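Those protein sequences? They're chains A and B, same order as listed. Counting in our numbering, the final residue of the first sequence is number 394, and the numbers go up one at a time with none missing. Counting in our numbering, the final residue of the second sequence is number 1229, and the numbers go up one at a time with none missing.
Worth double-checking, as some hints may not be accurate.
In silico DSSO-like links for lysine-lysine, alpha-carbon gap of 27 Å or less [as the list claims (entries may be wrong)]:
#1 K1117(B) x K5(A)
#2 K248(A) x K333(A)
#3 K219(A) x K139(A)
#4 K1070(B) x K1080(B)
#5 K112(A) x K208(A)
#6 K1117(B) x K12(A)
#7 K5(A) x K1080(B)
#8 K1207(B) x K1194(B)
#9 K5(A) x K1118(B)
#10 K12(A) x K1118(B)
#11 K1088(B) x K1118(B)
#12 K5(A) x K1088(B)
#13 K1078(B) x K1088(B)
#14 K169(A) x K139(A)
#15 K221(A) x K43(A)
#16 K52(A) x K221(A)
#17 K9(A) x K1117(B)
#18 K1035(B) x K1088(B)
#19 K9(A) x K1118(B)
#20 K1194(B) x K1117(B)
These aren't lab readings, by the way, just hints derived from the structure by calculation. This structure is a prediction, so every number in the text was calculated from the model and none was measured.
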Amino acid sequence: MQLLKIAFKNLKRRRVRTLLTIAGVGIASAVFVSLLGFQRGYKEALFRDVDKMGYQVLITAKGCPYEAATIMLKGGAGLRYMEEDIYNKVVSDTRIDKITSQLIQVVYDPDKNESRGGYIMILGVDKSMLDLKPWVRFKSGGWFSSDTSREVVMGYEAAELEQRLVGDKFFIRGIEGDFTVIGILERTGTHDDGTVFMPLHTVQSLFKLDKKLTGVGIKLKDVSMIPEFEESLYNVPAIQVISMAQVKGTILGLVQSAQVMVTAVAAIAVIVAVFGVINTLLMSIMERTREFGMFKSVGASGGQIFILILYETTLMCAAATICGNLIVLIGAKWVEWIIRITLPYAPYGNLVVITPEIMIVSIFGAIFIGILSGIYPALRASRLSPVEAIRREE
Amino acid sequence: MTMNIILNAIGITKLYQRGAEMVKALNNVDLSIEKGEMVSVVGPSGSGKSTLLNLLGGFDSPTSGRIYLKGLEISRMKEKELTMIRRKEIGYVFQQFHLLPTLTVRENVTIPLIFSKKRDNGQVDRILEVVGLSNRANHLPSQISGGEMQRTAIARALIHDPDVLIADEPTGNLDSEMAASIFNLFHSINRQGKTVLIVTHNLELAKGCSRHLHIKDGLILDIPLKNSV
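Pulled out of the complex, with its shape left as it was, chain A reads as follows (with noise of 0.2 Å):
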């Protein structure tokens, strides 16, 4: 039998206050790691949406250029259509590389989800959509057989959704006629996953926006050329030009000032936790006298006694910063609901992404909290005199 395994015994003793003092360090541990795990999967998911957005800049009608571009990325409406010129001005520039156009329409579908209400997202684009989305792989079918056909490419979840195979009809609340599915596309991790295809020129003329658009998403031969590209378009009347890198930029900039208070209110579960920790040793270090007294009578120096008391905090700690993981990774899920609830914009994907390094810095973090939590009361009960912890009670 060894010290830790005293420390761990001693621990059993006092459970409901173990567990309490756990239970407070465990939480404060769990929200610790939910922001690290936030902070690295909001980020990583931002990325991943915008990337796989296929452009870096975006034109659209002129109004507040993030609510434009974040309606581009969820889906929604309220965007505010341009001219279809627009796209023919700058088709012929040089500097691109790739270019298409987009018209977002947004139906509501009180049938949907069970008949509590929903929305179905329409894209008309054009083939070219696939040249800036080269990763779109169609799981079965193919695209449209014209631009103007009365044809629906589905995103996965939306054809698992509606429970679409290519061939099926498919019907929009509120428009005549049906859609033939032509294709399904595999499973892309982004929001085109729930979206509804269809030919740019057959969305304008269903909803009778004829040579409207919402977007134009561009890709340049030289990611350097973003600003003189932006420069030029500068003077266009109308239309705003939106670099997806500053999209990304005051996204993150937006979701940060968020997480510094999140981060100011963990750092108080952190302390709190740490105070409870030296509260329960120091109590259990005051019950324990006289045991302190006949450790020392049977031969523990003051650095045993020291060392069993920053066991007993370590095992604590590290018994609670497992649990916070645990917690975290069983409830990432619900924590991921709450930000979805909360904040404007959450991309597509996991949120929060535990990764092995970071509850590895939990981990060894919440030991470190631990041993300093546990210095003061260790070097109390390592100083008692054995005289004093061992006088009888008279």
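Let chain A serve as the given structure and place chain B on it in line with the hints.
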């Protein structure tokens, strides 16, 4: 100082601060204990019995005077040296047993070996046999009687084979039958050559010791027990 003297106290005085008042717990006490003696220490509460044991066991230092254990002056030793003395020379038995409730009898007895970083080479089994607890080795303190708890505490005090065993009211929490059984155990340990010092209020049991010290007002009266009673 003869070769047989194991503990020798010369002119020890112990003063305590109690509030604004200074209390003289021991007053210029001289005492010699020979190897193999079994000494009972009796006296009224607050007379200085426990103070004497704590000083002789090296748990406290006198205000003045010197204490020698096997010729070494322990009254001026540093804590580190005293720790080594406790690991080798002295075993201490408490009235309240001070067993760790989550450890078994065997584990409680093993504690001194952990602190002195020694391996159990069978001595735990042997000592449990001596105190009659072989069949209780894997029981928790809550599963054994008061007498068995005190036997466990005695085994723990003896595991490192000390020459001196100090017991402070070892039968104070036991009924008369168990107390007699514990005293018999102390006699048996004494017969094996250990020097035993016992503070007790139980005069009947104290009569069985080879020597009696009656402490009163910080002074030792080294007299036959029947006279002190």
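So, going through the hints one by one against the coordinates:
no.	hint	in the structure
1	K1117(B) x K5(A)	holds (14 Å)
2	K248(A) x K333(A)	holds (24 Å)
3	K219(A) x K139(A)	holds (26 Å)
4	K1070(B) x K1080(B)	holds (18 Å)
5	K112(A) x K208(A)	holds (24 Å)
6	K1117(B) x K12(A)	holds (24 Å)
7	K5(A) x K1080(B)	holds (24 Å)
8	K1207(B) x K1194(B)	holds (18 Å)
9	K5(A) x K1118(B)	holds (16 Å)
10	K12(A) x K1118(B)	holds (26 Å)
11	K1088(B) x K1118(B)	holds (11 Å)
12	K5(A) x K1088(B)	holds (24 Å)
13	K1078(B) x K1088(B)	holds (16 Å)
14	K169(A) x K139(A)	holds (18 Å)
15	K221(A) x K43(A)	holds (26 Å)
16	K52(A) x K221(A)	holds (17 Å)
17	K9(A) x K1117(B)	holds (19 Å)
18	K1035(B) x K1088(B)	holds (16 Å)
19	K9(A) x K1118(B)	holds (21 Å)
20	K1194(B) x K1117(B)	holds (23 Å)
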